[in-house]
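Residue-level listing of the chains:
Number of protein chains: 2
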Amino acid sequence: MGRVVVDVMPKPEILDPQGKAVAGALPRLGFAQFTSVRQGKRFELEVDGEVTPEVLAAALAAAETVLSNPVIEDVVRVAVAPEVVGSTEPTA
Amino acid sequence: MGRVVVDVMPKPEILDPQGKAVAGALPRLGFAQFTSVRQGKRFELEVDGEVTPEVLAAALAAAETVLSNPVIEDVVRVAVAPEVVGSTEPTA
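Taken in order, these protein sequences are the chains called A and B. So in my numbering the end of the first sequence lands on 1350, straight run, no missing numbers. So in my numbering the end of the second sequence lands on 1350, straight run, no missing numbers.
None of these hints come from the bench; they were simulated from the model. Even for Gly, the Cβ is constructed at its ideal location relative to N, Cα and C. Hints may be right or wrong, so weigh each one.
[Unchecked claim] Examples of chain A residues toward chain B, derived with CB under 10 Å:
| hint | residue |
| --- | --- |
| 1 | 1259 |
| 2 | 1262 |
| 3 | 1263 |
| 4 | 1265 |
| 5 | 1289 |
| 6 | 1291 |
| 7 | 1294 |
| 8 | 1306 |
| 9 | 1312 |
| 10 | 1313 |
| 11 | 1317 |
| 12 | 1324 |
[Unchecked claim] Cut-off 20 Å, straight-line C-alpha distance, at most; resulting in silico cross-link-like pairs (EDC-like, lysine to aspartate or glutamate):
| hint | chain 1 | residue 1 | chain 2 | residue 2 |
| --- | --- | --- | --- | --- |
| 13 | B | 1299 | A | 1274 |
| 14 | B | 1299 | A | 1332 |
| 15 | A | 1278 | B | 1306 |
| 16 | B | 1269 | A | 1304 |
Produce the complete structure using the sequences and hints provided.
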C-alpha cells in the first residue's frame, strides 16, 4: 500500500488568521523564538499497490484542482510518503 | 531566516470527517486511484537566524503542546524547511 503526501499552504500574500492566532499564542506560552506562523493543510492519499509516476501525476492534478483553492493556496509539496509506519512517529 | 515545518495528523483510530469528504469527492472528480484520504495540518514556524537544535527542540515542544491536541492528533514531523523559496514551488 502506497501513500502520497500533499502539502497545501496559504499564498504568502494572503492573510492567514489561523497562523496569526497561533503566532500570537506561542510567546504567551513560552515559545518566544518564533516570529511568524502560517498554517496550511496536509493530505495523505492512500493507493493500493505502489506509488507509480502515474499515481504521483494524478495526485498532483488532484492537489491543484480538488485539494487546494488556487486563488488563495499553493501546493507546496506532492511526494511519496517514505514509509507508512514512519508517518506516525515524530522525527525531530 | 530559518523555518521549521510541523506536520500534525489525526490519530489513525480517530474518525476524520474532512478526509472522508475528500475521499468521497475524488472518485466523482476523476481520481479513482485513491482509496483513502486523511487530512491534517501543516505549520510553518519562522525564526530569526538559523534553526539551531535548541530551536528544533522548542518547535517539537510547541508542536506537542500548542499545535496539536494529543488526545486526537499525532505530531508526524518536525523538520527544518529545506529552503524558504523552495516552499512555494510544487515538487512532484
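Going down the list of hints, with the structure as the test:
Interface hint status for residue 1259 of chain A: upheld, as the beta-carbon distance to the closest one in chain B is roughly 8 Å, under 10 Å. Here the hint on residue 1262 of chain A is kept, as its CB sits about 8 Å from the closest CB of chain B, short of 10 Å. The beta carbon of residue 1263 of chain A is positioned within 10 Å of a beta carbon in chain B (closest approach about 8 Å), and the interface hint is therefore held. Annotation: interface hint on residue 1265 of chain A holds; nearest CB of chain B at approximately 5 Å, less than 10 Å.
With a least beta-carbon distance of about 5 Å to chain B, the hint placing residue 1289 of chain A at the interface is held under the 10 Å criterion. With its C-beta approaching chain B no nearer than about 5 Å, residue 1291 of chain A sits inside the 10 Å limit, and its interface hint holds. For the restraint placing residue 1294 of chain A at the interface with chain B, the shortest Cβ-Cβ distance is roughly 4 Å, inside the 10 Å limit, so the hint holds. Restraint check, residue 1306 of chain A versus chain B: the minimum CB separation of about 6 Å is within 10 Å; hint holds.
Given the 10 Å rule on beta carbons, the hint for residue 1312 of chain A holds: about 8 Å separates it from the nearest Cβ of chain B. Annotation: interface hint on residue 1313 of chain A holds; nearest CB of chain B at approximately 6 Å, less than 10 Å. A hinted interface residue such as residue 1317 of chain A counts as satisfied when its beta carbon comes closer than 10 Å to some beta carbon of chain B; here the least separation is about 8 Å, so the hint holds. The interface hint given for residue 1324 of chain A is met, as the beta carbon of that residue sits about 6 Å from the closest beta carbon of chain B, less than 10 Å.
Annotation: proposed proximity of residue 1299 of chain B to residue 1274 of chain A holds, straight-line Cα distance about 14 Å (limit 20 Å). Annotation: proposed proximity of residue 1299 of chain B to residue 1332 of chain A holds, straight-line Cα distance about 14 Å (limit 20 Å). Proximity of residue 1278 of chain A to residue 1306 of chain B is assessed by CA-CA distance (about 17 Å); at most 20 Å being required, the pair is judged to hold. Proposed proximity of residue 1269 of chain B and residue 1304 of chain A is supported: the alpha carbons are some 15 Å apart, at most 20 Å.
Hint violations for this structure: none, all hints satisfied.
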